[in-house]
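Enquirer: Can you make the complete structure from the sequences, with help from the hints?
Position one of the sequence shown corresponds to residue 1 (our numbering), numbered consecutively onward.
Think of the hints as simulated: they come from the structure by calculation, not from any bench.
We put the CB at the ideal spot given by N, CA and C, even for glycine.
Misleading hints may appear alongside valid ones.
Here are the simulated EDC-like cross-link-like pairs (lysine to aspartate or glutamate), alpha carbons at most 20 angstroms apart as the crow flies [said to hold, decoys possible]:
#1 Lys91 to Asp43
#2 Lys171 to Asp43
#3 Lys117 to Glu147
#4 Lys203 to Glu147
#5 Lys171 to Glu147
#6 Lys91 to Glu170
#7 Lys222 to Glu206
#8 Lys222 to Glu211
#9 Lys225 to Glu170
#10 Lys203 to Asp217
#11 Lys65 to Asp43
#12 Lys225 to Glu212
#13 Lys222 to Glu212
The following label-pair restraints were derived from C-beta to C-beta distances [as the list claims (entries may be wrong)]:
#14 Glu170 to Leu53: 17 to 27 angstroms
#15 Pro139 to Pro46: 54 to 64 angstroms
#16 Arg88 to His130: 38 to 48 angstroms
#17 Pro46 to Leu151: 35 to 45 angstroms
#18 Val192 to Leu111: 21 to 31 angstroms
#19 Lys171 to Arg214: 50 to 60 angstroms
#20 Leu63 to Pro115: 41 to 51 angstroms
#21 Leu63 to Leu109: 26 to 36 angstroms
#22 Arg215 to Lys171: 43 to 53 angstroms
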Amino acid sequence: MGILKEKYDEIRDEFRQVVKGDSPFIETFLPLLIFLLLANVWDIRPAAALGFLAGVALTARDLGKGRPLLYSLGGLAILAIAMIAVLRSGKAGNILLPGVGTNGLLFFLCLASLPAKRPFVAWTSYFARHYPLPWYWHPRVRPAYSEVTLLWALFFGIRLFLQVLLLGSEKVLPVLLFSIFSGWPAILTLLVVSYLYGTWRLKNLEGPGVEEFRRGDPPPWKGQKRGF
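Expert: Right, dumping it as structure tokens:
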């Protein structure tokens, strides 16, 4: 139990360092959830209107808090595109249209980064943690990020496939269930698995830790004990 608690505390602390500021969970998920719940028991058009109004209210709240204009209005624009697609077609599944584009792009970036030997997950870690960029390309470090990038490609590929299947659906319930379980619960699971596997893989590769790399220490290295 002591080891499990220690690992839990480590993951919690690492996520606090990487994910700074308020979570975008409410802004991205609540309008979608309102629309799908109402559309399941009501007409699709007023449900779309109320979902969009929820997005407007959250955007106004963001602007009142001093959030960046591009961040706030960008999310509202994506929501508007999804709602317009729903209203024009009358199909609830078209609410997933922006997600198809996002997951398609992430799937492509993950796969394209592997033959270039610049794995996508290494870039996400670099922008979040600001480790020295050459450290990620070290031959005893890069394989861990390449393998986790392959896992991400599988995740986004499966999610993209399911979204395409549901895109033209007129049934609200399957879209609602997919949106709930493939959203933040699935993403948080992916991030936890990525961290646990990544730190284990770095240990087994026996490469330098970030601080050892910065100092230019020769092998043998103690390796990266924490952070991925």
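Enquirer: Give me the numbers of the hints this structure contradicts, sorted from smallest to largest.
Expert: Result: hints 5, 9, 11, 22 break, sorted rising.
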